[in-house]
Amino acid sequence: MNKKNIFKRLTSGEVIPMDDPDYGAIREMVNRTKKLSNQLNRADHVDDIRSILGEIIGKKVDDSTTLFTPFYTNIGINITLGKNIFINHACSFLDLGGIEIKDDVMIGPRVNITSENHPTEIATRKSMVPSRVIIEENVWIGAGATILPGVRVGRNSVVAAGALVNKDVPPNTVVGGIPAKILKNLN
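Everything in the sequence shown is counted per my numbering, starting at 28 for the first residue and increasing by one.
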């Protein structure tokens, strides 16, 4: 088995069928992350929250980052956080394909970011189709927005509350709606 590499395979965009011999490593990681997430969501001090989040993502979380619990993720190790990030309560990050959040990002409550999908074909529907999500610097994502796999949200942009983002967001824009469309250019 090639357990170490299944996560690299996922973050490189390789489609992984459920019968892949290394798929069990995903289940093991999910179980680990669920246990840590339970600890995270019971913690009440910002330093404890930051420390447990660091265990979940496998990297030190900068002291400038604030996370309001509850917070949900399935894997964790494919999340990369910059500095000065604010994540409000009840956010869910599905990170098999990778989620990169750069510096100075604000994420509203109940935001969903997913980097994984499934084929529409019935025969292969249980396969995992990963695609990295990148949130560039100085982005604000409003309450209840959903960011879908493969999306890049350009620097200085705003994603309106409730938006469904299924395509890249150009830098310096405001997007909103279902699906999200450019509402305004920012100077």
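Since the hints were derived computationally from the structure, they do not count as laboratory data. Heads up, a few of these hints could be off.
Here are the simulated lysine-lysine pairs, DSSO-like style, with alpha carbons at most 30 Å apart [stated by the list, open to error]:
id : residue 1 : residue 2
1  : 129       : 86
2  : 62        : 87
3  : 110       : 211
4  : 87        : 153
5  : 129       : 62
6  : 110       : 35
7  : 62        : 35
8  : 35        : 211
Looking back at the numbered hints, which does the structure fail to meet, lowest number first? Violated: hints 4, 8.
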